[in-house]
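S.K.: Based on the provided sequences and hints, a complete structural model is requested.
What follows is each chain in one-letter form.
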Amino acid sequence: MEMRRFARVAVTAGLLAISSAPLFAHHGNAAYETAKEVTVKGTITDWLWANPHCIMKVDVKDPAGMVQHWVIEALNPPDMVRKGWAKNSFKPGDEVTVTLVQARNGSPIGRFRGDRSVVLANGQVFSANDPNPVQSAEKP
Amino acid sequence: MQRWLIFATGAMGVLSASLLLPILRAQNAPSVWNSDSPNWTQAQDEAAKKQKSPAPRRDLTGTWDVGGGAGIGVFGAKSMPSDGKPEHELPFTASGREKFLANKPGWGTTEVAAAFVNDPVDRCDPAGLPRADLFELRATQMIQMPKKVLVLYEFQQVWRTIWTDGRELPKDPEPRWYGYSVGKWEDDYTFVVQSNGMDERTWLDNGGRPHSSDLRVEERFHRLDRDTMELTVTINDPQIYTKPWVALDQIPLHLRSDEFDVREMICSPTETEEYNKTVTNPVATPR
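Protein chains in written order, with the numbering used here: chain G, 1 to 140; chain F, 1001 to 1287.
Hints may contain errors.
[Said to hold, decoys possible] Mimicking EDC-like on lysine to aspartate or glutamate, the simulated pairs with C-alpha atoms at most 16 Å apart in a straight line are:
(1) F:1243 x F:1214
(2) G:57 x F:1274
(3) F:1184 x F:1059
(4) G:87 x F:1264
(5) F:1099 x F:1214
(6) F:1243 x F:1218
Hint data in this document are derived by calculation from the structure and do not stem from the laboratory.
M.R.: This is the structure in structure tokens:
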């Protein structure tokens, strides 16, 4: 029992040590629950057009009326332009419905997902998928 | 009467030409394409098919692009991705496998969670050679000069030199992120580049495949016609791999117009810090 408690503390301490160090990895889906799509509705507070990945911040009210600050990441600007997104596609105050995959640790952080990943109040739709199937580009 | 007819015909010709020319010119007006325009690949390919013409002799100058994201090797080298398929298992030496397992990529069979990734590119280190070809091969500008070819990559906005003045590769090269390259024309349409001296800190690809200071890379640029060129990349590193292997096999590059706008794609430490603060760290932290 004592040993188990020690192990638990050690694992927690180890993870804390790792998480307090600067982390740079921006690739991979390991941190996300990719099998489950989540849809949130809220108000955009920021749309960062930057490398390595663009970031949208959305305030979402939960059923109890508490505001959750969501962060949803896209890919880099060149890839997003290819998908039809732009720096001026969104602005703070826009009402938005976002479909995403959420962080496994339950944080309100996600990655855009699907053909209707962002839907604005005026009905405008942004897809997280690529308009050009890679296969066709590989065969000239 | 005859003179009048000649004059009238000539006048009509000039008139119709003056009316038609602006229309023809408008039809030929260059479109501004870049790799990010939606649907550009199809349109550009269709345009190329209509006017296929022979390649110029011994000339690579232009903006080349695989297109549509097809040059991005997320799981590693496109011909040998790190996807667990037996046919993609690399011929590691014992020390090569050890080095491979010490790398912690964000993608591939040895993928780890973001908190444990040690990919140098995520720290804004240069991708280096051959990862410039194998990871984010986007719009690539080649400029041919009398004694060298300059290659300008979109990803990380970097360039490298390929010497064409007949020099040999250095025997004891200083390590460089992009190594040391010499190239020569094997025939009028095939340019073969040999490189050595690549800094060991770089990875070969996004799957975390390693290399040693003995790495030799061969790039074959084979121009099929004016609009298409194929790139083949072969890895040879006896310390890490028991035999050479092909990392990119005749991947087609398309010639873009002179108006093609290559985007800026820079790893900015400030933006990276912001991204890590906002996404990477909170996602990695247990709640």
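S.K.: Now, for every hint given, state plainly whether the structure supports it.
M.R.: Each hint, compared with the structure:
{"no.": "1", "hint": "F:1243 x F:1214", "verdict": "holds (13 Å)"}
{"no.": "2", "hint": "G:57 x F:1274", "verdict": "holds (13 Å)"}
{"no.": "3", "hint": "F:1184 x F:1059", "verdict": "holds (12 Å)"}
{"no.": "4", "hint": "G:87 x F:1264", "verdict": "holds (14 Å)"}
{"no.": "5", "hint": "F:1099 x F:1214", "verdict": "holds (14 Å)"}
{"no.": "6", "hint": "F:1243 x F:1218", "verdict": "holds (14 Å)"}
Checked against the numbered hints given earlier, this structure breaks none of them.
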